[in-house]
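> Build the full structure now, drawing on both the sequences and the hints.
The chain contents come next:
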Amino acid sequence: GAVVSQHPSWVICKSGTSVKIECRSLDFQATTMFWYRQFPKQSLMLMATSNEGSKATYEQGVEKDKFLINHASLTLSTLTVTSAHPEDSSFYICSAGNEGLAGEGQYFGPGTRLTVT
Amino acid sequence: KQEVTQIPAALSVPEGENLVLNCSFTDSAIYNLQWFRQDPGKGLTSLLLIQSSQREQTSGRLNASLDKSSGRSTLYIAASQPGDSATYLCAVKDSWGKLQFGAGTQVVVTP
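Which chain is which? The protein sequence lines are A and B, in order.
For the record, in the first sequence the residue sitting at position 25 is 93 according to my numbering, with numbers rising by one throughout.
For the record, in the second sequence the residue sitting at position 20 is 207 according to my numbering, with numbers rising by one throughout.
Calculated from the structure, these hints are not laboratory results.
Be careful, since some hints might not be right.
As the list claims (entries may be wrong) - Derived pair list, reagent style SDA-like, types lysine to any residue, alpha-carbon separation capped at 20 Å:
{"#": "1", "chain 1": "B", "residue 1": "Lys229", "chain 2": "A", "residue 2": "Leu114"}
{"#": "2", "chain 1": "B", "residue 1": "Lys285", "chain 2": "B", "residue 2": "Gly228"}
{"#": "3", "chain 1": "B", "residue 1": "Lys285", "chain 2": "A", "residue 2": "Thr185"}
{"#": "4", "chain 1": "B", "residue 1": "Lys229", "chain 2": "A", "residue 2": "Ser157"}
{"#": "5", "chain 1": "A", "residue 1": "Lys134", "chain 2": "A", "residue 2": "Thr85"}
{"#": "6", "chain 1": "A", "residue 1": "Lys109", "chain 2": "B", "residue 2": "Gly228"}
{"#": "7", "chain 1": "A", "residue 1": "Lys88", "chain 2": "A", "residue 2": "Asp133"}
{"#": "8", "chain 1": "B", "residue 1": "Lys229", "chain 2": "A", "residue 2": "Glu90"}
{"#": "9", "chain 1": "A", "residue 1": "Lys132", "chain 2": "A", "residue 2": "Val71"}
{"#": "10", "chain 1": "B", "residue 1": "Lys229", "chain 2": "A", "residue 2": "Ala70"}
{"#": "11", "chain 1": "B", "residue 1": "Lys285", "chain 2": "A", "residue 2": "Ser157"}
{"#": "12", "chain 1": "B", "residue 1": "Lys229", "chain 2": "A", "residue 2": "Val71"}
Quantities reported herein were computed from a predicted structural model and do not represent experimental measurements.
This is the structure we're talking about:
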């Protein structure tokens, strides 16, 4: 149980275009979803927290107009990287949590590798 | 601000040896602590979760301890195997529900 999927698993786009990444909780309802980015050889950095039906809360230094997050349902959150630039190339990982799940751990998706050329 | 440190950054051991991975955190007001495994280019796999009221958790060859007052957790992996080669991350959950990650320990188990 507690499976989280991401789509796509990798994407290459041209500078200036927008890219949407989907995060789905497959067998539970996620009241909260988190988006992280990870640079090579570094740990995960939290970008934003999203709760179903409300606006996302962004971490300091993360541009909310550049990284658009939508959490329209209890099983789906999307991250849109708008006007992508090469410096946005990174590994993006989502996680989902539910207060009702045993242990209240977070369950992570497999990640999306974004390369901006 | 919570800071999570993992030592060592990298570790190489021969197959069969026990692994000891350390994690320390600066703010003891945590909700829980999780250990994860990450293979290259992949997402995270949760290994063990320890609630703030617990002292340890065990799963198979894995055992994790938590000393909240001193801000430390240790992950023990018994009788290591080449398949244990990966990066191991610890993360603490604060009262806001956010996870703060350490930088990880990269483990290589040689046959």
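> Each hint should be assessed against the structure and marked as holding or not.
Right, here's what the structure says about each hint:
1. For the suggested pair Lys229 of chain B and Leu114 of chain A, the alpha carbons sit about 17 Å apart, so the restraint of at most 20 Å is met.
2. Annotation: proposed proximity of Lys285 of chain B to Gly228 of chain B is violated, straight-line Cα distance about 23 Å (limit 20 Å).
3. For the suggested pair Lys285 of chain B and Thr185 of chain A, the alpha carbons sit about 32 Å apart, so the restraint of at most 20 Å is broken.
4. Distance check on the hinted pair: Lys229 of chain B and Ser157 of chain A sit about 16 Å apart at the alpha-carbon level, within 20 Å; holds.
5. Among the hinted pairs, Lys134 of chain A with Thr85 of chain A is consistent with the structure: their alpha-carbon atoms are about 11 Å apart, no more than 20 Å.
6. Between Lys109 of chain A and Gly228 of chain B the alpha-carbon distance is near 11 Å, which keeps this suggested pair within the 20 Å criterion.
7. With a CA separation close to 14 Å, the supplied pair Lys88 of chain A and Asp133 of chain A stays within the 20 Å bound.
8. At most 20 Å may separate the alpha-carbon atoms for a hinted pair to count; Lys229 of chain B and Glu90 of chain A meet this at roughly 16 Å.
9. Of the pairs offered as hints, the one joining Lys132 of chain A and Val71 of chain A is violated, with about 27 Å between alpha carbons and a cut-off of 20 Å exceeded.
10. Taking the CA atoms of Lys229 of chain B and Ala70 of chain A, the gap is about 17 Å. The hint holds against a cut of 20 Å.
11. For the given pair, Lys285 of chain B sits about 24 Å from Ser157 of chain A by alpha-carbon distance, which is inconsistent with the 20 Å threshold.
12. Of the pairs offered as hints, the one joining Lys229 of chain B and Val71 of chain A holds, with about 15 Å between alpha carbons and a cut-off of 20 Å not exceeded.
The structure is inconsistent with the numbered hints 2, 3, 9, 11, although it conforms to all the rest.
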